[in-house]
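Chains as they are written, first to last, in our numbering: chain A, 1 to 308; chain B, 1 to 204.
Keep in mind the hints are simulated off the structure, nothing from the lab. Here the structure is a predicted model, which means the values were calculated and not measured. By construction, the Cβ of each residue, glycine as well, lies at the ideal position given by its N, Cα and C atoms. Any given hint could be a false lead.
Claimed, not checked - Over 10 Å on every C-beta distance to chain B, these chain A residues come out as not near it, computed from the model: (1) S17; (2) F65; (3) G132.
To be verified - Here are the simulated BS3-like pairs of lysine-lysine, each with C-alpha atoms no more than 27 Å apart in a straight line: (4) A:K12 <-> B:K202; (5) B:K109 <-> A:K83; (6) A:K219 <-> A:K308; (7) A:K83 <-> B:K143.
To be verified - What follows is a list of derived Cβ distance ranges for each label pair: (8) A:A124 <-> B:E136: 18 to 24 Å; (9) B:K169 <-> A:I138: 53 to 59 Å; (10) A:L128 <-> B:T178: 47 to 53 Å.
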Amino acid sequence: MKERSYNRQLLKDYLFSALSAEETERLDGLSFTDDRFVQELRAVEDDLVDAYVREELEARLRTQFETRYLSSPLRQEKVAFAKALHHYELEDQKPVAQRRDQPWALRTFFPRFLTNRGWQWTFAAVLLVLIGLSGWLIFQKRRVNQVPQNELARNDAEKDRLASPNPSHELQPQLTKPSAETNSEEKKKPEPGAAVEIASITLAPQVRSETAVPAVSVKSATGYVAVRLDLEPNEYSTYRVELLRQSTREVLWRANNLSSRKHDGDQTVNVRLPAGLLGSESYVLRVSGLSKTGGSELISDYRFRVVK
Amino acid sequence: MNELYAQETRPQRDRKLDTAAFDRLLHWLDGGVDSEGHKYIEMRRRLVAYFDRKNCLAPEDLADETLNRVARRLHEEDIAEAETPARYCYIVARFVFMENVRRVRQEQKLRGELGWLAQSVPPASQDAGLHERMLECMRSCIKNLDPAKQDLILSYYTGRERQKIENRKRLADKLGITTNALSIRACRIRDELENCVRQCLKAG
Chain A
1 MKERSYNRQL
11 LKDYLFSALS
21 AEETERLDGL
31 SFTDDRFVQE
41 LRAVEDDLVD
51 AYVREELEAR
61 LRTQFETRYL
71 SSPLRQEKVA
81 FAKALHHYEL
91 EDQKPVAQRR
101 DQPWALRTFF
111 PRFLTNRGWQ
121 WTFAAVLLVL
131 IGLSGWLIFQ
141 KRRVNQVPQN
151 ELARNDAEKD
161 RLASPNPSHE
171 LQPQLTKPSA
181 ETNSEEKKKP
191 EPGAAVEIAS
201 ITLAPQVRSE
211 TAVPAVSVKS
221 ATGYVAVRLD
231 LEPNEYSTYR
241 VELLRQSTRE
251 VLWRANNLSS
261 RKHDGDQTVN
271 VRLPAGLLGS
281 ESYVLRVSGL
291 SKTGGSELIS
301 DYRFRVVK
Chain B
1 MNELYAQETR
11 PQRDRKLDTA
21 AFDRLLHWLD
31 GGVDSEGHKY
41 IEMRRRLVAY
51 FDRKNCLAPE
61 DLADETLNRV
71 ARRLHEEDIA
81 EAETPARYCY
91 IVARFVFMEN
101 VRRVRQEQKL
111 RGELGWLAQS
121 VPPASQDAGL
131 HERMLECMRS
141 CIKNLDPAKQ
151 DLILSYYTGR
161 ERQKIENRKR
171 LADKLGITTN
181 ALSIRACRIR
191 DELENCVRQC
201 LKAG
């Protein structure tokens, strides 16, 4: 291998035009004929430009750099490039430090990911979907958790029914969310884990001559009143049920799109009223049939009384 | 060479080569092994760097002028045996440079504008927008580098002063090469990156 006739310092002096004419001419020649010299010269030049950009040059060299090196547009371009590279490194510093301890796949993915606007948007979109999905799952879990709790309460109600002379029947928990009074229902919702009682009552279609109004007893521990409404024969398959205060005809609660069920050969609709809505007074449950075209028809009113 | 030499960028005589002359030049630079134009590009790059170190204002024009002259002489004389292509290009480049120096001095004398030279050097770009565009190109070009090269170029510039030197030693050990070889390797990647950024800026 050919002996090297130059070192880094000499190359720096050459770049700063600080050598004699003879030495400059010798190195000029090498800059065409010696590939290794060319590569080392470029490397030294890069280091010099980087050191300038990073403010690592001592004052004397800095002055030389600015007066002798920076006089050409091409070299100014090199400085601009070095600045951009340095800027990029500063941006990338953290990922670089992390990269050393990361497996290859992460090392190659994350720098791209962090600098690619497309990836960033994709990540944001995925994150939003995940947040939405988590919210939905939490909501579903809370709903599912309510069912066993209500089942326990229903069993309690069943025991009450068997022990009580009043006519009462087992009712499925009403899961259809009422469109009105939702807030008040939420407010009155018993604490999770607390024992909840469900009162129940079966109501038959109102007969004009009927004077006795069925009553239901609502205690302080009662969370809901389960009501089974025996329907008159009709052609509807979905129903709306509204709770009205009898004295004012004010609608206190409403449930839409309820399906009927068969019970001992009769068509029935089951609803669950939040006990907190009910005081010691008379109420009316109004049942309307809903047609597929969106229309509705009053089927029957069911009066009942609450005793507290 | 501290003196700042300048030249006007004006049309050169016989600047353009015909296809046959250009092919002959490529063949001669390749030395019998087809480099697919890489030898020509490398020689032009060396010429541009040479004229730039001599503070010529239009180094690219002078590099082209040098290559044109070499190509013409290849056609007119038999120089293939006399010198290596690199050496011959250097000899021609020295003539082109000296002619340029004489011309600039004559022009200075004629104009009598001693302050003209200083004004003729374009100031460094302060365009913040350009820096942003360059940075954007840098991001894109680094992203498109081969992962191993990406890793090397970013690791190579990590740290400051002593820390940087130690870091490079460790990196060279890891790769089983000398620090000198490492610096050359980093320099090549940097060249690649620089070309990519330049193309990206041109593409706008």
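Going through the hints against the structure:
1. S17: 5 Å, violated
2. F65: For A:F65, whose nearest Cβ neighbour in chain B is about 12 Å away, the distance exceeds 10 Å, so it holds.
3. G132: Non-interface label on A:G132 holds, nearest chain B Cβ at 31 Å vs cutoff 10 Å.
4. A:K12 <-> B:K202: 31 Å, violated
5. B:K109 <-> A:K83: Violated - the C-alpha atoms of A:K83 and B:K109 are around 39 Å apart, more than 27 Å.
6. A:K219 <-> A:K308: 6 Å, holds
7. A:K83 <-> B:K143: 18 Å, holds
8. A:A124 <-> B:E136: 18 to 24 Å: Once the Cβ atoms are compared, 20 Å apart, the range 18 to 24 Å for B:E136 and A:A124 holds.
9. B:K169 <-> A:I138: 53 to 59 Å: Holds: the Cβ-Cβ distance is about 54 Å, inside 53 to 59 Å.
10. A:L128 <-> B:T178: 47 to 53 Å: 51 Å, holds
Of the numbered hints stated above, those contradicted by the structure are hints 1, 4 and 5, listed in ascending order.
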